[in-house]
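Chemist: Sequence:
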Amino acid sequence: MPVNLVYLLLATSAFFWGTNFVLAAPVLADLQPLWAASLRFALGAALMLVIAMRRGDKLGQLARQHWPAHVLLGLLGIVGFNLFFFYAMRETSPDNGALIMATNPLLTMLLATALLGERATARYLAALPVALAGVAVVVSQGNFLRLVHLQVNKGDLLMLCANLSWALFNVASRRFMPKGSPVGNTALMMCVGALALTTVAFSSHSPFVLPDLHASLALAIIVVGGTVIAYLFWGIGVQRIGAGQAALFLNLVPVFAILVSGALGTLPSTPQVIGGLIVLAGVSLAMMPTRRRVTT
1 MPVNLVYLLL ATSAFFWGTN FVLAAPVLAD LQPLWAASLR FALGAALMLV
51 IAMRRGDKLG QLARQHWPAH VLLGLLGIVG FNLFFFYAMR ETSPDNGALI
101 MATNPLLTML LATALLGERA TARYLAALPV ALAGVAVVVS QGNFLRLVHL
151 QVNKGDLLML CANLSWALFN VASRRFMPKG SPVGNTALMM CVGALALTTV
201 AFSSHSPFVL PDLHASLALA IIVVGGTVIA YLFWGIGVQR IGAGQAALFL
251 NLVPVFAILV SGALGTLPST PQVIGGLIVL AGVSLAMMPT RRRVTT
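Under the numbering used here, the final residue of the sequence shown carries the number 296; numbering is consecutive throughout.
In case anyone wonders, no lab produced these hints; they're calculated from the structure.
Check before you lean on any hint, since a few could be wrong.
[Said to hold, decoys possible] Have a look at the derived ranges for each label pair, beta carbon to beta carbon:
#1 Val-273 / Ile-51: 33 to 41 Å
#2 Ala-46 / Phe-144: 40 to 48 Å
#3 Pro-2 / Pro-207: 43 to 51 Å
#4 Glu-118 / Gly-180: 18 to 26 Å
#5 Thr-113 / Pro-178: 18 to 26 Å
#6 Gly-262 / Glu-91: 19 to 27 Å
#7 Ile-274 / Pro-207: 39 to 47 Å
#8 Ala-220 / Ala-122: 41 to 49 Å
#9 Ala-11 / Asp-212: 25 to 33 Å
#10 Pro-207 / Ala-122: 47 to 55 Å
#11 His-214 / Ala-126: 39 to 47 Å
Given the structure is predicted, the values throughout are model-derived calculations rather than measurements.
No residue lacks a Cβ here, since even glycine has one placed at the ideal position from N, Cα and C.
Sequences and hints are given; from them, build the entire structure.
Modeler: As structure tokens, this is what we get:
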């Protein structure tokens, strides 16, 4: 596969994930966060299962052999992340949420160093305070007294928890994701997440209301684009160029979120622009790839 096509697939994943931050608002206008997360992955898992079966993946065999990994990864990457994500998006802006998530490659590397013994490069260590400074500008809206007095938006704190959950998922994926059948393994992981989220939604007694046309359209784009297509394209990209270099494209998530939000009429504030540039500069410094050949 040509390297430019691999890059396009990864950039497409980043685009849909950035769009998720914007589309969450109309979805949450009609649905409780638990039901929004549950529907996203119930529908996404159904589509992934259809794709996996059409590919001929042996789902039963995969489930019997690797169910502990599917459960762990589903709870971390789907249940934990999405619960924090949807609750956060009720309290903070799409731009803030996406910019906070921009530090995920750095956080993943720190956790991999601590939990897996991987060595962080000097560039990672140098870039960390830069990226964190950018996040501080974003969440404080340029007023650092808010940080001194702990006046940070509740949604920003929830998004930081979502960021941590996704970083733990990345580390766990490196250690526990079964080899081969990426579509089948992702489908089973999504099934675990969808089952857990739906169980939590029912047990919470949160009211379920059928979303209107606007919210349904937004949810459909999140399911098809921001879940199925994004996960599939991301898996292909990681297989071709490796997780480290692919993570560079996560830097595009806040850029796409701000662009989509701006296209819909919500222009970013000056602190968000400044903080975003600082975040992107720091993370890009850490994730700057070296030249390597792409396998075919």
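Chemist: Now look at each hint and say whether the structure bears it out.
Modeler: So, going through the hints one by one against the coordinates:
| no. | hint | verdict |
| --- | --- | --- |
| 1 | Val-273 / Ile-51: 33 to 41 Å | holds, 39 Å |
| 2 | Ala-46 / Phe-144: 40 to 48 Å | holds, 46 Å |
| 3 | Pro-2 / Pro-207: 43 to 51 Å | holds, 50 Å |
| 4 | Glu-118 / Gly-180: 18 to 26 Å | holds, 23 Å |
| 5 | Thr-113 / Pro-178: 18 to 26 Å | holds, 24 Å |
| 6 | Gly-262 / Glu-91: 19 to 27 Å | holds, 21 Å |
| 7 | Ile-274 / Pro-207: 39 to 47 Å | holds, 41 Å |
| 8 | Ala-220 / Ala-122: 41 to 49 Å | holds, 45 Å |
| 9 | Ala-11 / Asp-212: 25 to 33 Å | holds, 32 Å |
| 10 | Pro-207 / Ala-122: 47 to 55 Å | holds, 52 Å |
| 11 | His-214 / Ala-126: 39 to 47 Å | holds, 45 Å |
Going down the numbered hints, you'll see the structure goes against none, and every one checks out.
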